[in-house]
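K.L.:
Each chain, letter by letter, is given below.
There are 2 protein chains.
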Amino acid sequence: MIKYELIKKDNETNARYGKIETNYGTYETPMFMPVGTRATVKSLTKEELIDAHSGIILANTYHLWLRPGEDVIARCGGLHKFMNYDRPILTDSGGFQVFSLAKNKEKDISEEGVIFKSHIDGKKLLLTPEKSIEIQNKLDSDIAMSFDECPPASASYEYLKNSVLRTLRWALRGKKVHNNPRQALFGIVQGGAYEDLRKLSAAKTVEMDFDGYSIGGVANDGESKEDMYKAIDYSIPYLPDDKVRYLMGIGEPVDIIEAVIRGVDIFDCVLPTRIARHGQAFTRYGKINFHNAKYKEDLSPVEEGCDCYTCKNYSKAYIRHLITTEEMLGGRLLSIHNIRFLTRLTEELRDAIKEGKVLEYKENFLKNYKEKNLIDKK
Amino acid sequence: MIKYELIKKDNETNARYGKIETNYGTYETPMFMPVGTRATVKSLTKEELIDAHSGIILANTYHLWLRPGEDVIARCGGLHKFMNYDRPILTDSGGFQVFSLAKNKEKDISEEGVIFKSHIDGKKLLLTPEKSIEIQNKLDSDIAMSFDECPPASASYEYLKNSVLRTLRWALRGKKVHNNPRQALFGIVQGGAYEDLRKLSAAKTVEMDFDGYSIGGVANDGESKEDMYKAIDYSIPYLPDDKVRYLMGIGEPVDIIEAVIRGVDIFDCVLPTRIARHGQAFTRYGKINFHNAKYKEDLSPVEEGCDCYTCKNYSKAYIRHLITTEEMLGGRLLSIHNIRFLTRLTEELRDAIKEGKVLEYKENFLKNYKEKNLIDKK
Chain A
220 MIKYELIKKD
230 NETNARYGKI
240 ETNYGTYETP
250 MFMPVGTRAT
260 VKSLTKEELI
270 DAHSGIILAN
280 TYHLWLRPGE
290 DVIARCGGLH
300 KFMNYDRPIL
310 TDSGGFQVFS
320 LAKNKEKDIS
330 EEGVIFKSHI
340 DGKKLLLTPE
350 KSIEIQNKLD
360 SDIAMSFDEC
370 PPASASYEYL
380 KNSVLRTLRW
390 ALRGKKVHNN
400 PRQALFGIVQ
410 GGAYEDLRKL
420 SAAKTVEMDF
430 DGYSIGGVAN
440 DGESKEDMYK
450 AIDYSIPYLP
460 DDKVRYLMGI
470 GEPVDIIEAV
480 IRGVDIFDCV
490 LPTRIARHGQ
500 AFTRYGKINF
510 HNAKYKEDLS
520 PVEEGCDCYT
530 CKNYSKAYIR
540 HLITTEEMLG
550 GRLLSIHNIR
560 FLTRLTEELR
570 DAIKEGKVLE
580 YKENFLKNYK
590 EKNLIDKK
Chain B
220 MIKYELIKKD
230 NETNARYGKI
240 ETNYGTYETP
250 MFMPVGTRAT
260 VKSLTKEELI
270 DAHSGIILAN
280 TYHLWLRPGE
290 DVIARCGGLH
300 KFMNYDRPIL
310 TDSGGFQVFS
320 LAKNKEKDIS
330 EEGVIFKSHI
340 DGKKLLLTPE
350 KSIEIQNKLD
360 SDIAMSFDEC
370 PPASASYEYL
380 KNSVLRTLRW
390 ALRGKKVHNN
400 PRQALFGIVQ
410 GGAYEDLRKL
420 SAAKTVEMDF
430 DGYSIGGVAN
440 DGESKEDMYK
450 AIDYSIPYLP
460 DDKVRYLMGI
470 GEPVDIIEAV
480 IRGVDIFDCV
490 LPTRIARHGQ
500 AFTRYGKINF
510 HNAKYKEDLS
520 PVEEGCDCYT
530 CKNYSKAYIR
540 HLITTEEMLG
550 GRLLSIHNIR
560 FLTRLTEELR
570 DAIKEGKVLE
580 YKENFLKNYK
590 EKNLIDKK
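Chains as they are written, first to last, in this note's numbering: chain A, 220 to 597; chain B, 220 to 597.
Extracted from the complex, chain A is given alone in its bound form (with noise of 0.2 angstroms):
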């Protein structure tokens, strides 16, 4: 069950403020939500991920089905009981993964569904829309993804129309077998950067009524940020106000907040826990890199000010040496971090939409703020 309340709309921008009812609770919005790929938002507990002000995180359909099966989960209780979480939990369909890790020999797409070849030993899957619905009412999410056609940012205007008719048909045919009263089912919007087919894809999958909307298909490889923002901004107006809007798979804090003022409300991003594996943390003035050795002897957390266990607890020089010393709790310690950055970017976005400040705020950031590579390379 989900229930989102439009609580505030921006008179300058399309940015809203609101709340999500869910079946653990209610949340608002916009909002980050972690991602915890196999049921584990890799290396955290769920304490550390409510101290981070995690509300909603994202598990993925296509791994959990691969190990353990979502028969197993299901017989240990449910996702949440499995990993012990007990906030909500949204699972993708599967999709991205299968279009993304398979390589295009290596799948076969059909009107039935996809078939190609797991990333883990090999064997041929298929996997359709009835099979992902299936999947996720097993897993007992909060929120389940309709299956969708991702194709790559390359794709042609003609075979990007053929894709989101048939993700239309998907979305219907994964609407059917949908069989799990407790969960929400959202439907996905595709067609790329082209007004007309966005316009096909949202109008078409808001006529069949799902529990709320996401924009897929901005988080493909080589797609430019030009043609993301197309994305939204030829979406968003077919979108209903009631129902809550997610961006799948985006996490740059500049692309976070140039959505919410188009209009988006949830987000979900592996980058804060996968840059801090790879020892980059987030920053107000840009990501920093801990293997560059100016941090050897500095004793400031991460960033001067922020709440968080790891700025609370150790220095920019001690991460530096667990981060060189390749050592497990240097990139749990950044995980933490990064996570607890994209939260408060979207607290303080709400914020500034409840005080009519959004292009303020924006404009502040970015003057701190530098997106293109890291600020203390040399």
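Honestly, the hints are just simulated from the structure, not real lab data.
Quantities reported herein were computed from a predicted structural model and do not represent experimental measurements.
By construction, the Cβ of each residue, glycine as well, lies at the ideal position given by its N, Cα and C atoms.
Output of the computed footprint for chain B on chain A, the stretches with three or more beta carbons under 8 angstroms from beta carbons of chain B:
| no. | stretch |
| --- | --- |
| 1 | 253-261 |
| 2 | 290-302 |
| 3 | 511-518 |
| 4 | 529-539 |
| 5 | 546-558 |
Residues from chain A that keep clear of chain B, each with C-beta distances beyond 12 angstroms, as calculated:
| no. | residue |
| --- | --- |
| 6 | ASN242 |
| 7 | THR245 |
| 8 | GLU325 |
| 9 | LEU344 |
| 10 | PRO456 |
| 11 | GLY498 |
| 12 | TYR588 |
Let chain A serve as the given structure and place chain B on it in line with the hints.
P.N.:
Relative to the frame of chain A, chain B by itself:
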């Protein structure tokens, strides 16, 4: 500063219950000390260590000397501040690593010290008794260890005898340069499984009047249990009652019990965290292996009745999933359990000594515990 107080000696055995007063509070013995090789007990935070009833922890001088360097740690305020641990820390001398990590051809032992190749970049380095103490002084641990030679288990009597005499000369040289009034310095007894060499080493080391005494040379590859017990039995009679006794590198539950019965107070070992990373956990019945498919849907905790964070919050099924998918949280959760298993073992031994039931405790423990291999192996 370290003050040992012997509170109760067992009537039937050499086991003793005592207290160690340190710069960071008073702790009861027998005690197990988790190992934080590079100023981090792998993957764990201070809060988790304390929650697992950890008192003193150990850090490795060799590793910290190489990275980040003792001067960096000194400028960061010493080891406690650097790693955020406000309970006592013991540093080893670096000797064990120099002797075990460098292959035979790559080290040159002389009266001055040991020339060896760094395991990181192959650079030639010289570690002497003076250098070891100087590094430990700078690290500012609460307990420093004398630099000793650690001969292989296969060493001849002749070799061992010369080695014992050299270790005595090294201990004296180290003691002379020790220059940190907050830091205790322990001597190390060597001598293999030879009664006369252990006697010689123990008596002469005690003559130098250290703050505590360690029994070394028992954690070598190829060392038999019989030789370990001999090493303890031959050393203990010459160690004073009013100083703490430390058996280096031992963490097998049965070995801890046997050593406590023989009069040892404190222990360290990488075993609990190392086997955790390999997916293994201690239980009162023996070690279990989470790669075993039998745990796939097992909703029970790692060990029924255990009060650790892991057992209170997670099932075997989930931990098996984390271990088989190589998720970092798996090793972290098992490390917490395994450390708590050994701190509980020493707590139970303390109670048994207080109640005069040490042999009864050992008998009951051995009735359940299968030491060899994994108890769930096919």
